[in-house]
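Whole structure, please, built from the sequences with the hints as guidance.
Chain by chain, the residues:
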Amino acid sequence: MQRMACSFPDEVLEHVFSFVQCDNDRNAISTVCKSWYKIERWSRRRVFVGNCYAISPDMVIRRFPDVRSIELKGKPHFADFNLVPDGWGGYVAPWISAMAAAYPWLEEIRLKRMVITDENLELISKSFKNFKVLVLSSCEGFSTDGLAAIAANCRNLRELDLRESEVEDLSGHWLKHFPDDYTSLVSLNIACLGCEVSFSALERLVGRCPNLRTLRLNRAVPLDKLANLLRRAPQLVELGTGAYSSELRPDVFSNLSGAFSGCKELKSLSGFWDVVPGYLPAVYPICCRLTTLNLSYATIQSPDLIKLVGQCQNLQRLWVLDYIEDAGLDAVAASCKDLRELRVFPSDPYGPEPNVPLTEQGLVSISEGCSKLQSVLYFCRQMSNAALMTIARNRPNMTRFRLCIIEPGTPDYLTLQPLDVGFGAIVEHCKDLQRLSLSGLLTDLVFEYIGTYAKKLEMLSVAFAGESDLGLHHVLSGCEKLRKLEIRDCPFGDKALLANAAKLETMRSLWMSSCSVTFGACKLLGQKMPRLNVEVIDERGTPDSRPESCPIDKLYIYRTVAGSRFDMPGFVWTIDEDSAMRLS
Amino acid sequence: MRSMELQLGLALPVHSPLKLKGFDLNDHEVEVLNEPVASEPWSYSSGCLKGEKWVKNKRSSEEAFGDLPQITTFPLTLWNGQPNEDDDRKGEKKPHILDKKEEEENHVVGWPPIKSWRVKQLHQHHDHDQSGQINNADRTSAHHQRSSTGTGSSNSLYVKVKMKGVAIARKIDLRLYDSYQALTNSLITMFPNGRQNIDNDCASYALTYQDKDGDWLLAGDVPWQTFTESVQRLEILRNVDG
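Which chain is which? The protein sequence lines are A and B, in order.
The first sequence begins at 1 in the UniProt record's numbering and counts up one residue at a time.
The second sequence begins at 1 in the UniProt record's numbering and counts up one residue at a time.
For the record, the hints were derived by calculation from the structure and aren't laboratory data.
Yeah, the Cβ is synthetic: ideal placement off N, Cα and C, and Gly gets one too.
There's no promise every hint is true.
[Said to hold, decoys possible] Derived contacts from chain B toward chain A, CB cut-off under 10 angstroms, selection only:
1. Lys-115
2. Tyr-158
3. Ile-168
4. Met-190
[Stated by the list, open to error] In silico lysine to aspartate or glutamate, EDC-like type, Cα no more than 20 angstroms apart, as pairs:
5. Lys-115(B) <-> Glu-140(A)
6. Lys-115(B) <-> Glu-341(A)
7. Lys-126(A) <-> Glu-108(A)
8. Lys-523(A) <-> Asp-24(B)
9. Lys-129(A) <-> Glu-119(A)
10. Lys-115(B) <-> Asp-86(A)
11. Lys-115(B) <-> Glu-168(A)
12. Lys-164(B) <-> Glu-353(A)
13. Lys-162(B) <-> Asp-211(B)
14. Lys-115(B) <-> Asp-161(A)
15. Lys-129(A) <-> Glu-159(A)
16. Lys-115(B) <-> Glu-164(A)
17. Lys-132(A) <-> Asp-161(A)
18. Lys-120(B) <-> Glu-168(A)
19. Lys-120(B) <-> Asp-80(A)
20. Lys-162(B) <-> Glu-353(A)
21. Lys-372(A) <-> Asp-432(A)
22. Lys-528(A) <-> Asp-24(B)
23. Lys-431(A) <-> Glu-458(A)
24. Lys-171(B) <-> Asp-326(A)
25. Lys-115(B) <-> Glu-166(A)
26. Lys-160(B) <-> Glu-353(A)
27. Lys-120(B) <-> Glu-196(A)
28. Lys-171(B) <-> Glu-353(A)
29. Lys-120(B) <-> Asp-169(A)
30. Lys-120(B) <-> Glu-166(A)
31. Lys-120(B) <-> Glu-140(A)
32. Lys-120(B) <-> Glu-164(A)
33. Lys-115(B) <-> Asp-80(A)
34. Lys-171(B) <-> Asp-304(A)
35. Lys-120(B) <-> Asp-86(A)
[Stated by the list, open to error] Computed beta-carbon distance windows for the label pairs:
36. Thr-542(A) <-> Lys-115(B): 30 to 36 angstroms
37. Ile-168(B) <-> Ala-334(A): 22 to 28 angstroms
38. Thr-228(B) <-> Ser-200(A): 34 to 40 angstroms
39. Ile-168(B) <-> Arg-163(A): 31 to 37 angstroms
As structure tokens, then:
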């Protein structure tokens, strides 16, 4: 066996390995023999770390000495909904310092839910001479000053994408820091910025970058400036408009319409804040080419939405507000036969009553009309088991199903029964389901269905559901591929958690908040499972000051080879092997 | 090799189901789980699961698990007389207009699960006090009625529109219209129940509005601009002939 492995020179093996990009395959290659392990680790260029605390920067660098692209994720998903207190963690600083020394040729950094400061950004801009891609998804901790450093120093920058990050807007002048001879921009997403960027700088930048294919503007860019930008970049493939409102004037309209018509490659549209319906027809000429349409900030009514979407026969992804109504979704089901992904967001989520006629019927129509539908995120106020069963039978090819019935604990509105059977049908029919979010009135039965049928499920989100530990036990013992489990406000306690402790090492993470887990159980888990970090997050003060049987507030458990982290704030407690309670 | 296994253990997918039958931490302290834990009976009385201790009711149980929404019929006589209580909460014991802080406390944190960034964008539509600035403190609630202090440059004028016999009230942005005709045309499309009886003669219906003094008036008497500055909400009434 050894003789065979050495019969090819290293360079040949390395060349062969370069065709294998998928992490799982590369990991498999590295276990064949020592020499393959060695060659593979020197040639791995791309690393994905799903939980930045699962491993330390030094361990990654030691194993993979020549990485060009890194992706890191920090806070748990429920941080998106303000369930993780500020200061919990997810700091990228130690990673940047370590990589600045070890990876001078690093080209790409992609971060999700991490804290990055202006100092970190400046260090990035000065340490990596060939830096090309910076994607900051739902990040925070930096200001436009940090962006100025990136603009000024990264001569080879291709992509700057700030998706939904919280940026402190100090000034719009940061854009001027791109040098006049800088022309390599391919993708710019500044949609999350609140302030006005210097428009003349933006125009010049867009005009001198011939490879620009993605441009997502922020709300502050007015509509009457959009035409100029489009004319400077007719090669655009993805566009996010700024505010889509202006006084209705025929000259502005025809200018805009002409500019859109000139964009023959445009496939994706987003933005559309403050839409004035009179300007929508300006995009009609390009609708037939669109594959992605994000209208989730567009507060326009159903008739206008129908007119627009009805022309998008090639649409694959649609994000929209519930203003579309059931009638609008009927129209989508009739026109958009290639639809793969639908997201319907609530226009008035905190209102006590429905404000638009959008019900389960809209989703049923889509499931009937769109045979390629794979991914659904749907907010509504009523649901029935019958509808869910119909959807499941119509679309067994579904891979992501996230349903949010706005009022917690809402039963089937026709029968007043729990929605167990409906969701059961979803997991039974959709055999490739990878992601599922539950809502409505649910008993332990739905978890029995999930544990029995959802064999490919990787991520499950649960809220206000279940009756006892049996529910949690079904999921932990039955879902073989489960990687992420997040639970809030469910009556799950210690029993199921302790009975399935070993399962937790096969998952990336488990989040439980407002459940019935006791501090005693957490201590036990922390002591017995050295490869898990068991973090108790409680802003009420030390859990030791309350009886051990008192439920803790929030629990975040994740597997790690890096041991306890050193940057925990005062409200996070963790217990390790020496059974001493550790603070940071 | 062991340390490598440890490192690799993170990356390799687990293909075989766990066979660690003996590894049940419940043995250490608690009984082994070999029968279903007794589930507490839950009541249907409100159609929803009654709050157990695990429900962190940041709002009162009336709100979270109250009666199923009633279809409220809007009495005709009301437009003659007193200003209404807050419609949204018809029949409840709560004081009618909740101030912002109370409203926030009554909402469950982080529910519905909408990204904070998206909530901020929503806020800029609903909250008339803002003038385009992102307000970080304001995360949970949106005004259901037009703010009485809302003046100055606001991007939208959302008012509620109700029609007797139609369960769902609508919310429209008056900024999108420039005349009474445009408004009524739009309303006709929005309330399909009305269309059954209409014979393109709008005289069968009356559009009324509540002005900022709380009085209910017939729409159309004052100039459009004056109307939009004063209107709080709208209601469509069918003229009862004879």
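Outcome of the hint check:
1. Lys-115: holds, 5 angstroms
2. Tyr-158: Holds, about 9 angstroms.
3. Ile-168: Because about 5 angstroms separates Ile-168(B) from the closest Cβ in chain A, which is inside the 10 angstroms limit, the hint holds.
4. Met-190: Holds: closest Cβ of chain A sits about 7 angstroms from Met-190(B), inside 10 angstroms.
5. Lys-115(B) <-> Glu-140(A): OK: Lys-115(B) and Glu-140(A) at ~14 angstroms, within 20 angstroms.
6. Lys-115(B) <-> Glu-341(A): holds, 19 angstroms
7. Lys-126(A) <-> Glu-108(A): holds, 14 angstroms
8. Lys-523(A) <-> Asp-24(B): The hint holds at about 15 angstroms.
9. Lys-129(A) <-> Glu-119(A): holds, 17 angstroms
10. Lys-115(B) <-> Asp-86(A): holds, 15 angstroms
11. Lys-115(B) <-> Glu-168(A): Between Lys-115(B) and Glu-168(A) the Cα gap is close to 18 angstroms, so the pair holds against 20 angstroms.
12. Lys-164(B) <-> Glu-353(A): Roughly 16 angstroms separates the two Cα atoms, so the pair holds.
13. Lys-162(B) <-> Asp-211(B): holds, 15 angstroms
14. Lys-115(B) <-> Asp-161(A): holds, 18 angstroms
15. Lys-129(A) <-> Glu-159(A): Status holds; Cα separation ~15 angstroms.
16. Lys-115(B) <-> Glu-164(A): Given that 20 angstroms is the threshold and the Cα spacing comes to 9 angstroms, the pair holds.
17. Lys-132(A) <-> Asp-161(A): holds, 11 angstroms
18. Lys-120(B) <-> Glu-168(A): At roughly 15 angstroms apart (the allowed maximum being 20 angstroms), Glu-168(A) and Lys-120(B) satisfy the hint.
19. Lys-120(B) <-> Asp-80(A): holds, 12 angstroms
20. Lys-162(B) <-> Glu-353(A): The given pair, whose Cα atoms are some 13 angstroms apart, holds under the 20 angstroms limit.
21. Lys-372(A) <-> Asp-432(A): Holds. Lys-372(A) to Asp-432(A) sits at ~14 angstroms (cutoff 20 angstroms).
22. Lys-528(A) <-> Asp-24(B): Roughly 11 angstroms between the alpha carbons, so the hint for Lys-528(A) and Asp-24(B) holds.
23. Lys-431(A) <-> Glu-458(A): holds, 12 angstroms
24. Lys-171(B) <-> Asp-326(A): Measuring from Cα to Cα gives roughly 17 angstroms; hence the hint holds.
25. Lys-115(B) <-> Glu-166(A): Distance ~12 angstroms between Lys-115(B) and Glu-166(A) Cα, so the pair holds.
26. Lys-160(B) <-> Glu-353(A): holds, 12 angstroms
27. Lys-120(B) <-> Glu-196(A): holds, 17 angstroms
28. Lys-171(B) <-> Glu-353(A): holds, 12 angstroms
29. Lys-120(B) <-> Asp-169(A): Satisfied, since the Cα-Cα distance of roughly 15 angstroms is no more than 20 angstroms.
30. Lys-120(B) <-> Glu-166(A): holds, 11 angstroms
31. Lys-120(B) <-> Glu-140(A): holds, 15 angstroms
32. Lys-120(B) <-> Glu-164(A): With Cα atoms ~11 angstroms apart, Lys-120(B) and Glu-164(A) stay inside 20 angstroms; holds.
33. Lys-115(B) <-> Asp-80(A): Judged against 20 angstroms, a Cα distance of about 5 angstroms means the pair holds.
34. Lys-171(B) <-> Asp-304(A): Satisfied, since the Cα-Cα distance of roughly 16 angstroms is no more than 20 angstroms.
35. Lys-120(B) <-> Asp-86(A): holds, 18 angstroms
36. Thr-542(A) <-> Lys-115(B): 30 to 36 angstroms: Taking Cβ atoms as reference, Thr-542(A) and Lys-115(B) lie about 32 angstroms apart, which means the hint holds.
37. Ile-168(B) <-> Ala-334(A): 22 to 28 angstroms: holds, 23 angstroms
38. Thr-228(B) <-> Ser-200(A): 34 to 40 angstroms: With a Cβ separation near 36 angstroms, Thr-228(B) and Ser-200(A) satisfy 34 to 40 angstroms, so the hint holds.
39. Ile-168(B) <-> Arg-163(A): 31 to 37 angstroms: The hinted range 31 to 37 angstroms holds for Ile-168(B) and Arg-163(A), with Cβ atoms some 34 angstroms apart.
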